[in-house]
Structures are given as structure tokens and as C-alpha cells.
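Peer 1: Work from the hints to combine the two standalone chains into their complex.
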Amino acid sequence: MGNFLVWLVWFLAAGGCLATGIAVVSVTNPFYSALSLIGNLASLAVLYLLLAAEFLAAAQVLVYAGAVMVMFLFVVAYLGGRADAPWAGGPPLLRTAAVVAAAALLVEVVVVLGLAWGDSLQDPAEVSDSFGSPAEIGELFLTDHLLAFEITSIVLLVAAVGGVVLGTTPEKEETE
Amino acid sequence: MDGPGVGWYLIVAAILFGTGALGVMLRRSPLVVLLSLEIMLNAANLTLIAFARQHGDLAGQVFALAVMAVAAAEVAIGLGLIVAMARRRLVLDVDRASALRG
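Same order as they appear, the protein sequences are chains A and B. Take the first sequence: its position 159, counted from the start at 1, is 159 in our numbering, and no numbers get skipped. Take the second sequence: its position 49, counted from the start at 1, is 49 in our numbering, and no numbers get skipped.
What the hints contain is simulated information worked out from the structure, not anything from laboratory work. Any given hint could be a false lead.
Estimated spans, in silico, between C-beta atoms of each pair [to be verified]:
1) A/F4 to B/V83: 24 to 30 Å
2) A/L8 to B/R96: 44 to 50 Å
3) B/V67 to A/F31: 23 to 29 Å
4) A/S133 to B/R96: 46 to 52 Å
5) B/D2 to A/F74: 39 to 45 Å
6) A/F31 to B/A97: 17 to 23 Å
7) B/R87 to A/P91: 29 to 35 Å
8) B/R87 to A/G118: 52 to 58 Å
9) B/A59 to A/G81: 44 to 50 Å
Beta carbons: idealized from backbone N, C-alpha and C, even for Gly.
Just chain B, with the same shape it has in the complex (with noise of 0.2 Å):
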């Protein structure tokens, strides 16, 4: 394998899966806690990936595969979701959505 070796893969992945767990708990737009929820999902398929390389074994890319088809189906509920409390004129807001907390 030319170029650099999985670590460094690997290291890009948790340094963007730090990220995108700051924004999930930081940010308070459900819109881009879906975002950041988009970029944790992809470093950890990155990490997949790089394994799969890493071993020569094509499991991991399949499993990244199923990951996405996931990631798809999420993106359509939440934003669904999203839509939904548009419509009923609730803010934006998921510190303030809290009506299930129980």
C-alpha cells in the first residue's frame, strides 16, 4: 500500500468523530445535530474501511454499505420529524422540545 498507512486513516476518523459528537451536543438546531450526527456515522465508516484494507477482508465494506443504507433511512425520519414540528409551529429548538422528558 502506497502512501500512508490506516493509521493515519484511523486518526482522521476519530478527529472527525470528536467533531461531530461536539456539534451533536453542542449545537441546539435539530438541523445540524443531524449534520453532525451524518459526520459521526462517516468517520466510523471510515474506520470500516480502513480495517478492511487493512486486512484484505471485504466484510467491512459491506458492513459500511448497510451503515449507509441507515444513514438514509435516519436522514428521512428526522428530517420528517423536522418537518413535522415546522408544521405545528413548535421552535426549532431541541433544548426546548423537552415535552417527553417524562
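Bound conformation, chain A alone (with noise of 0.2 Å):
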């Protein structure tokens, strides 16, 4: 019983997560796009729930579904009607080459995991009730990844000043 809830939950989060990320690329607004990536990054948090990972779930939908999503309605909001690009455009050749491109990948990555599906990918390993938690990642984030963590406090701040800098306003357009 508990097996089939399982498979239930991750059927309707896999379908939902499909669903909006079709949706996102495929919708002309770009306000209904943001909305569905929105509704991807909520489904993908219930896999990484069911995939062990309590504290990346919560980080995704704080960080993602939370902060960058409202950055990016705020930027679709102060476009305006003029965030509204052609849907799609170019020579038809470099369109189908894209179509080509994409499904060429898919097919690459399906037929890797068909090949490997009989034995690397079975057998899960034993974990633990804490793999996940909060403070096991934060214990690695401190001690073998320390640099890491470092390098990402870096790249955030390069990315706030530059934020910033982008965000000034050079003088001589102030007074438009």
C-alpha cells in the first residue's frame, strides 16, 4: 500500500513537473511562463522529497519558487508588453537543426539508461534516516566541501555587485 502511494505521488509530481516545463517554453506570455516554472519548481521539490532530500526541497522552494521567481515577476512586470518577442524565429533550417538538437540529446540520455537500467541502476543504497537533513549537509559543507562553500559566497557577491552596477542608471540617461 505504501509502495503504491509512493508510485502515485511521484507519477503526479513527474506528469506535473513535465506538464508546466512544456508549458513554460511552449506559452507566448512570458508572465504565464514565469507562473508555470513556478508550478515546475514546486513539482521537482516533491522528487527531491522522494529522493531523500529534505533540505534541498525546502532550499527549492525558498530560494527558487520564492526569491528568484519574484525577481523574475517583478522584470516581466516593469517590461510590460514589451517583453513580448516573436515566438520563435530565425531561418526554418536553424529551427528544425534546434528540434533535431534537442531530441538528438534525449535520445543520447534514453538510450544510456536503457543500456545501463539491468545493473548500475538497480539496488538502491542503505541510508540512513538523517541522509538529507539539514545538518548532515551543513556538516559537509563545512568541513570536505569548505572551499566550495567559500567559492559560492564569491560568485554571489560578484553577482550582487554586479546586479548593481547593471541596475545604475549612467548619468546622462537621468535626465530623459
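Peer 2: Structure (C-alpha cells):
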């Protein structure tokens, strides 16, 4: 019974994830694209929970569905109708090439998965209840992955400074 | 592990990545290109987390968290660029923003 429930939740989350993903790419209005991406990120958080990544699921909802998407929606609102570029463009040859390239990526991954399905993708490791908890991830960040942690903070600092520099109006434009 | 094996998650991630790649290559609105990029990054994250579960190794989750931070930085810069383009009254169309093409 528990097994059936897990499959059901997985099916709903995966289906929602794929449907909203396709909606993000195909909808014309960027506002609806951004809203679909919120749904996409939320269903991904459910998949993370099923994979025993509680902390990442929470961070996903807070950082992405919260902070990043609010930023997106503000910019969509600021741009208004100017954000509506034509749906797709370029020579038909390029468009066909794009579809072929995306399909090739997909087929490649599925073939590799099919080859590995029987052996290396079976029998997941046994993990303890604390796997993926904030405490364990925090400990790893402060011991084994300290350098990555520090570099991440520098990346965020550079991005914040860059955002301010890009957002500052040059003096000559202030008179308009 | 109850329910679907890791392979099923990887297939979902592959389809998501393909969708995102299609969006990046086809769409012309820079905002939608950024959103599609987010889909691709998240598909990669799902793969990392699925393999972390498969091998019982938390390093995958730590890496996924770093990817999330980089994605947030990328969005901040990307949106800043789009707003700067809009301020200079440039057309918001990635096919026409070709001044750096050389």
C-alpha cells in the first residue's frame, strides 16, 4: 500500500513537472511562462523529497519558487508588453536543427539509461534517516566541501555587485 | 527504496533537459530563454540528487546546492542585462541583439 502511494505521488509530481516544463517553453506570454516555472519548481521539490533530499526540497521552494521567481515576475511586470518577442524565429533550417539537436540529446540519454538499466541503476544504497538533513549537509559544507562553500559565497557577492552595476543608470540617461 | 527506481527520475530529468534546451534554442524573448535555462539547470540538479540517493553519497546534494546558488547568481545578472537592454530602448529579441557577434 505504501509502495502504491509513493508511485502515485511520483506519477503526479513527474507529470506536473513535465507538463509545466512544456508550458514554460510553449506559452507566448512571459508572465504565464514564469508562473508555470513556479509549478515546475514545486513539483521538482516533491521529487527531491521522494529522493530523501529534504533540505534541498526546502531550499528549492525558498530560493527558487520564492526569491528567484519574485525577481522574474517583477521584471516581467516592469517590461510589460515589451517582453513579448515573436515566439520563435530565424531561418527554418535553424529551427529544424534546434528540434533535431534537442531530440538527439533526449535519445542519447534514454539509450544510455536503457543500457545501464539492468545493472548499475538497480539496488539503491541503504541510507539512514538523517540522509539529506540540514545537519548532515551543513557538516559536509564545513568539512569536506569548505572550498566550494567559500567560492559559492564569492560568486554570489560578484553577482550582487554586478546586478547593482547593471542596474545603475549612467548619468547622461538620467535627464530623459 | 519504495516506489520508482532511480532510472525513472533520470528519464524525467532527460525529458526536462530536452524541453529546456528546445526553449533556449527556439524562443526569441530573452526572458523565456532565461526561464528555459532554469529548467535545464533543474534537470541537472534532479540527476545529481537521484545519483546521490542511488549511491548513498551526500556529495551530490552538496553539488546540487552549489548549482542552485550559481543559478540564482545567473538570474540576477541575466535579469539585470535584460532591464539594461530595455532602458536603452533596445528591442528585446535575442535574434536581433547581435552587436557582439563580431
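Peer 1: Work down the list of hints and note, for each, if the structure agrees.
Peer 2: Now the hints, each set against the structure:
Checking the proposed 24 to 30 Å range against A/F4 and B/V83 shows it is violated: the Cβ atoms sit about 49 Å from each other. With their beta carbons about 47 Å apart, A/L8 and B/R96 fall inside the hinted range of 44 to 50 Å. At roughly 26 Å, the beta-carbon separation of B/V67 and A/F31 lies within the given 23 to 29 Å, and the hint holds. Distance hint check for A/S133 and B/R96: the Cβ-Cβ separation is about 49 Å, which falls inside the suggested range of 46 to 52 Å.
Checking the proposed 39 to 45 Å range against B/D2 and A/F74 shows it holds: the Cβ atoms sit about 41 Å from each other. The beta-carbon spacing between A/F31 and B/A97, approximately 21 Å, falls within the hinted interval of 17 to 23 Å. For the hinted restraint 29 to 35 Å between B/R87 and A/P91, the CB-CB distance of approximately 30 Å keeps it satisfied. Hint check: B/R87 to A/G118, Cβ distance near 56 Å, so the stated range 52 to 58 Å holds.
For the pair B/A59 and A/G81, the beta carbons lie near 46 Å from each other, so the given range of 44 to 50 Å is met.
Of the numbered hints stated above, the single one contradicted by the structure is hint 1.
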